[in-house]
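2 protein chains.
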Amino acid sequence: MTAIRPREFLMIPGPTPVPDEVLEAHAKHPLGHRSQEFSQILDEAIEGLSWLAASENEPLILTSSGTGAMDAAVANTINRGDRVLSLVCGVFGERFAKIATAYGAEVERLSAEPGNAIDPEKVDAALKKNAGIKAVTITHNETSTGVINDLEAIARVARKHDALILVDAVTSFGAAPVEIDGWDLDVVVTGSQKALMLPPGLAFIYLSQRAWNSYESCTNGRFYLDLGRYLKSQKEKTTPFTPNVSLIRALTASLTMMKADGKESIFARHRKLREMLRKAIVETGLKPFVEESCASPTITSILPPEDMTVPEIRQRLKDDYRIIVADGQDELKGKIFRIGHMGYVFERDIAMTIAALQNVLDRRSSSSSSSKSASLR
Amino acid sequence: MTAIRPREFLMIPGPTPVPDEVLEAHAKHPLGHRSQEFSQILDEAIEGLSWLAASENEPLILTSSGTGAMDAAVANTINRGDRVLSLVCGVFGERFAKIATAYGAEVERLSAEPGNAIDPEKVDAALKKNAGIKAVTITHNETSTGVINDLEAIARVARKHDALILVDAVTSFGAAPVEIDGWDLDVVVTGSQKALMLPPGLAFIYLSQRAWNSYESCTNGRFYLDLGRYLKSQKEKTTPFTPNVSLIRALTASLTMMKADGKESIFARHRKLREMLRKAIVETGLKPFVEESCASPTITSILPPEDMTVPEIRQRLKDDYRIIVADGQDELKGKIFRIGHMGYVFERDIAMTIAALQNVLDRRSSSSSSSKSASLR
Numbered sequence: 091m092t093a094i095r096p097r098e099f100l101m102i103p104g105p106t107p108v109p110d111e112v113l114e115a116h117a118k119h120p121l122g123h124r125s126q127e128f129s130q131i132l133d134e135a136i137e138g139l140s141w142l143a144a145s146e147n148e149p150l151i152l153t154s155s156g157t158g159a160m161d162a163a164v165a166n167t168i169n170r171g172d173r174v175l176s177l178v179c180g181v182f183g184e185r186f187a188k189i190a191t192a193y194g195a196e197v198e199r200l201s202a203e204p205g206n207a208i209d210p211e212k213v214d215a216a217l218k219k220n221a222g223i224k225a226v227t228i229t230h231n232e233t234s235t236g237v238i239n240d241l242e243a244i245a246r247v248a249r250k251h252d253a254l255i256l257v258d259a260v261t262s263f264g265a266a267p268v269e270i271d272g273w274d275l276d277v278v279v280t281g282s283q284k285a286l287m288l289p290p291g292l293a294f295i296y297l298s299q300r301a302w303n304s305y306e307s308c309t310n311g312r313f314y315l316d317l318g319r320y321l322k323s324q325k326e327k328t329t330p331f332t333p334n335v336s337l338i339r340a341l342t343a344s345l346t347m348m349k350a351d352g353k354e355s356i357f358a359r360h361r362k363l364r365e366m367l368r369k370a371i372v373e374t375g376l377k378p379f380v381e382e383s384c385a386s387p388t389i390t391s392i393l394p395p396e397d398m399t400v401p402e403i404r405q406r407l408k409d410d411y412r413i414i415v416a417d418g419q420d421e422l423k424g425k426i427f428r429i430g431h432m433g434y435v436f437e438r439d440i441a442m443t444i445a446a447l448q449n450v451l452d453r454r455s456s457s458s459s460s461s462k463s464a465s466l467r
Numbered sequence: 091m092t093a094i095r096p097r098e099f100l101m102i103p104g105p106t107p108v109p110d111e112v113l114e115a116h117a118k119h120p121l122g123h124r125s126q127e128f129s130q131i132l133d134e135a136i137e138g139l140s141w142l143a144a145s146e147n148e149p150l151i152l153t154s155s156g157t158g159a160m161d162a163a164v165a166n167t168i169n170r171g172d173r174v175l176s177l178v179c180g181v182f183g184e185r186f187a188k189i190a191t192a193y194g195a196e197v198e199r200l201s202a203e204p205g206n207a208i209d210p211e212k213v214d215a216a217l218k219k220n221a222g223i224k225a226v227t228i229t230h231n232e233t234s235t236g237v238i239n240d241l242e243a244i245a246r247v248a249r250k251h252d253a254l255i256l257v258d259a260v261t262s263f264g265a266a267p268v269e270i271d272g273w274d275l276d277v278v279v280t281g282s283q284k285a286l287m288l289p290p291g292l293a294f295i296y297l298s299q300r301a302w303n304s305y306e307s308c309t310n311g312r313f314y315l316d317l318g319r320y321l322k323s324q325k326e327k328t329t330p331f332t333p334n335v336s337l338i339r340a341l342t343a344s345l346t347m348m349k350a351d352g353k354e355s356i357f358a359r360h361r362k363l364r365e366m367l368r369k370a371i372v373e374t375g376l377k378p379f380v381e382e383s384c385a386s387p388t389i390t391s392i393l394p395p396e397d398m399t400v401p402e403i404r405q406r407l408k409d410d411y412r413i414i415v416a417d418g419q420d421e422l423k424g425k426i427f428r429i430g431h432m433g434y435v436f437e438r439d440i441a442m443t444i445a446a447l448q449n450v451l452d453r454r455s456s457s458s459s460s461s462k463s464a465s466l467r
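Chains A and B supply the protein sequences, listed in that same order. Counted from 1, the first sequence has number 277 at position 187 by the working numbering; the numbering is strictly sequential. Counted from 1, the second sequence has number 311 at position 221 by the working numbering; the numbering is strictly sequential.
FYI, nobody ran anything at the bench for these hints, they're computed from the structure. Model, not experiment: these values are computed from the prediction. Warning: the hint list may mix true and false statements.
[Claimed, not checked] Label-pair ranges, simulated between beta-carbon atoms:
1) Gly424(B) / Glu137(A): 56 to 62 Å
2) Arg361(A) / Gly272(B): 56 to 62 Å
3) Glu437(B) / Glu127(A): 26 to 32 Å
4) Asp409(B) / Ala441(A): 52 to 58 Å
5) Lys188(A) / Asp133(B): 39 to 45 Å
6) Asn169(A) / Pro401(B): 43 to 49 Å
7) Gly222(B) / Glu127(A): 45 to 51 Å
8) Lys212(B) / Gln126(A): 49 to 55 Å
9) Glu306(A) / Lys212(B): 34 to 40 Å
10) Gln126(B) / Glu437(A): 54 to 60 Å
11) Arg361(A) / Glu437(B): 36 to 42 Å
[As the list claims (entries may be wrong)] Quick list of in silico lysine-lysine cross-link-like pairs, BS3-like style, CA-CA up to 27 Å:
12) Lys327(B) / Lys377(B)
13) Lys325(B) / Lys327(A)
14) Lys325(B) / Lys188(A)
15) Lys349(A) / Lys408(B)
C-beta: ideal position from N, C-alpha, C; glycine also.
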C-alpha cells in the first residue's frame with residue numbers, strides 16, 4: 091500500500107463528511123459549560139436549530155446518539171400499556187418499534203416491503219381498525235433502504251385520528267423539508283452526524299405542545315433522557331448535565347454555513363445529487379433498489395451486478411479509491427450497497443464516486459459483459 | 091480588553107485541560123463506525139480502560155454525559171419498589187438519590203453535612219436498621235464540596251449486608267485508586283472530561299457479575315441506556331449505536347499517555363497537587379472548606395475571606411489572569427469557591443493559580459488587612 095493516498099471519503103449514511111470550518115470549531119480546546127461564553131454559544135445553536143426547523147418548538151440538545159433521542163421521544167410521551175402504531179419499512183422503523191416495545195407499549199406494526207414506502211392510506215386504515223392508538227412512530231427517511239416516506243400525508247392521517255406522531259428525521263432533517271409546525275409534527279428527532287455536517291455525538295429533539303401534554307402524564311422511569319430537565323435548563327441558557335461543548339460549538343459553525351446558503355438551496359442540492367446519482371447508476375448498467383417516487387434525497391441503494399458481490403465492490407472502492415460506501419443492513423446485507431449523499435456532499439463527489447464505481451465494474455473478471463467508459467481510466 | 095491574552099485555563103472540576111496530543115486526535119475527521127479501523131480503535135480503548143480499572147469487568151462506552159452512565163447504573167439494576175440507600179454528602183450524591191427515585195426505588199438517604207465524608211460505621215448501622223436494601227449509591231469523590239469518601243470501607247460494609255454498591259467515580263477515576271475488583275465494586279461510572287483528560291461527551295461504566303445478575307431480572311423500560319446492548323456489541327468489536335468516534339479516538343491518545351506514566355505516578359501527582367494547594371491556601375490566610383482527612387485529590391474547596399465575595403474572586407481571576415475557578419453549587423453557591431486539579435494539571439498550574447489568587451486578595455479594597463507577598467507582583 092502506498093503512503094501517499096487520497097483522504098478517506100465517507101459516502102456512507104453517517105458519519106458524513108465534515109467541512110474544515112466545522113472541524114476547526116470542533117478542534118478547539120473545550121470551554122466550561124457554566125460560563126457566559128458557553129451560554130452564548132448554546133443560545134446561538136438553539137436559535138440556528140429553530141431557524142432550520144422553522145418551528146416554535148424549542149429544540150432540545152442531547153449529548154447522545156440519534157437513538158438516544160428516539161428513546162427520549164418514546165420515554166417522555168408513551169406509558170406502559172399505551173397503544174402505538176409503528177410504521178416499518180426498514181431497520182430504523184423497526185428500531186422505533188423496538189424502543190416502544192422496550193417501554194412496555196402495545197405495538198402494532200404496519201410494514202412495507204424493503205425498498206417501498208409506507209402508504210398513507212394503509213396508515214389511515216390501520217388507525218381506523220385499531221381504535222385508541224396513542225402514537226404513530228415513523229422513520230421519515232429510511233436509511234437502511236434509501237426510501238423517503240410521505241411524512242406530510244402520514245402526519246395528516248395521524249392528526250385526523252388524534253394520534254401523536256413521533257418522527258425519526260435523523261437522515262432527512264437539514265437535507266429535505268421537515269415542516270415541524272406546517273405538518274404539525276409532535277416529536278421530531280435528528281442527529282449531528284448527518285445533514286448537519288458534524289461528527290457524531292449530539293442529538294436534537296423538538297416537542298409540540300401536545301407532546302409536552304403527554305409528557306405531563308408520563309410515568310416512565312427516566313432521568314438523563316427526561317426532556318423536561320433540558321427544557322427547564324435551556325430556558326436558563328444552560329444544560330442540565332455537562333454537554334459535549336465541542337460539538338455544540340461546531341454546530342454553530344455548521345449552522346452559520348447553512349444559513350448563508352439557505353434551506354431551499356441545500357434541499358435543492360440534495361435533490362440534484364439524488365437525480366444525478368440515479369441517472370448514472372442506470373448508465374453503468376446497474377439498477378437502483380428504490381423506485382423514483384420514494385427515492386431518498388440523502389441515500390441511494392443499488393443492486394449489485396450478478397457477477398460481483400457487494401463486499402467486492404466495497405473493498406475495491408475502498409482499496410483503490412479510498413471511497414467508503416455502505417453494505418445493506420440485516421436482511422439486505424450483501425443484497426444492496428448504499429451511497430450516502432447527505433450534508434457536505436456535492437456534484438463533484440457523486441461524479442468521483444460514479445467514476446470509481448464504473449472502473450471497479452469494468453475491471454471485473456473477464457467473464458464480465460460490462461465495458462462502459464470510465465472517466466478514471 | 092487586550093487582544094493578546096493568555097489562554098483560558100480551566101481550574102474547574104470539568105471540563106478540564108486537554109493535552110495537545112489528545113486534542114489533535116480529537117480534531118481528526120470522523121471515520122465510519124462500522125469500519126475495521128474503528129473496531130481496532132474501540133478495541134484499544136477498551137483494553138486501556140481495562141488496564142486503568144485493573145478489572146475483569148468489561149468497560150462499556152456510552153456516548154453521553156457522566157450522568158447518562160449514572161442513570162444507566164440504576165436503570166439496569168434497580169426495579170421499581172426496590173429499596174436503595176443513597177449516601178449523600180453533596181450535590182452529586184443527591185443526584186444519584188434522585189435518579190433512583192426517578193426509577194421508582196424506595197430511597198433512604200444517609201447524609202453527611204457539606205464538607206464532611208460519609209462515615210462507614212453509619213452506613214453499617216443504616217443497613218442493619220433497614221433490612222432488604224438492594225443497593226447502596228455513593229459518590230466516591232463529591233465534586234460539589236471537595237470530599238473523597240472511604241470507598242473501600244463503605245464497599246466492605248455494603249458487601250457484608252449483601253447490597254450492591256453503585257459508585258459515581260466521575261471525578262476520582264483515573265486520578266485516585268478505584269479498585270473495582272479489589273474492593274469488589276458492582277457498578278462504577280466515570281466520564282471523559284475529568285481525569286481522563288478528554289473533552290466531555292463520553293461516559294464509561296463497569297458492571298460486576300452480581301450487577302449483571304440484577305440486570306437479568308431488571309424490568310425498567312430502557313433502550314439507549316440498556317447496557318446489555320453495549321456488552322453484546324462490544325463483544326463483536328462494535329457499538330450498538332453510532333458512537334462519538336472522535337472522542338473514542340482521542341481516548342486512545344489519552345490512555346497511551348496515562349500508560350506511559352503509570353497509574354501510581356498519576357495518583358501521586360494528584361495527591362501532591364492537593365497537598366501543595368491546601369498548604370498554599372492556608373498561607374494566603376484563607377481556609378480550606380474540607381478537613382485534611384477527607385480532602386479530595388482532584389478538587390479543593392476554599393472559604394472566601396470576609397471582605398471579598400466568591401463572584402468577585404472568580405471574576406478577578408478570570409479577567410486579570412484568565413484562570414477559571416468554580417463557585418459552590420446549590421446551597422454552597424457563594425459560600426465556597428472550588429479549584430479543580432484533575433487530569434492534565436501540574437505543580438506549575440497550582441503555583442500559577444495560587445499566585446494569581448494571592449494577587450487578587452492583595453488588591454482588595456484598602457480596608458483589607460491582607461498584605462501577603464505575591465509572586466505575580
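Consistency of the hints with the structure:
Taking the beta carbon of each, Gly424(B) and Glu137(A) are about 31 Å apart, not inside 56 to 62 Å as hinted. With their beta carbons about 60 Å apart, Arg361(A) and Gly272(B) fall inside the hinted range of 56 to 62 Å. Between Glu437(B) and Glu127(A) the CB atoms are about 28 Å apart, so this pair conforms to the stated range of 26 to 32 Å. In this structure the supplied range 52 to 58 Å holds for Asp409(B) paired with Ala441(A), their Cβ-Cβ distance being about 53 Å.
For Lys188(A) and Asp133(B), the Cβ-Cβ distance of about 27 Å falls outside the hinted range of 39 to 45 Å, so the restraint is violated. At roughly 44 Å, the beta carbons of Asn169(A) and Pro401(B) sit within the given window of 43 to 49 Å. For Gly222(B) and Glu127(A), the Cβ-Cβ distance of about 49 Å falls inside the hinted range of 45 to 51 Å, so the restraint holds. Checked against the given bound of 49 to 55 Å, the beta carbons of Lys212(B) and Gln126(A), roughly 41 Å apart, lie outside it.
One distance hint, 34 to 40 Å for the beta-carbon pair Glu306(A) and Lys212(B), holds here, with the actual separation near 39 Å. The hinted window of 54 to 60 Å between Gln126(B) and Glu437(A) is violated, with their beta carbons roughly 30 Å apart. In this structure the supplied range 36 to 42 Å is violated for Arg361(A) paired with Glu437(B), their Cβ-Cβ distance being about 59 Å. At most 27 Å may separate the alpha-carbon atoms for a hinted pair to count; Lys327(B) and Lys377(B) exceed this at roughly 50 Å.
At most 27 Å may separate the alpha-carbon atoms for a hinted pair to count; Lys325(B) and Lys327(A) exceed this at roughly 40 Å. About 22 Å separates the Cα atoms of Lys325(B) and Lys188(A), which keeps this hinted pair within 27 Å; it holds. At most 27 Å may separate the alpha-carbon atoms for a hinted pair to count; Lys349(A) and Lys408(B) exceed this at roughly 33 Å.
Violated hints, in rising order: 1, 5, 8, 10, 11, 12, 13, 15; the structure is consistent with all others.
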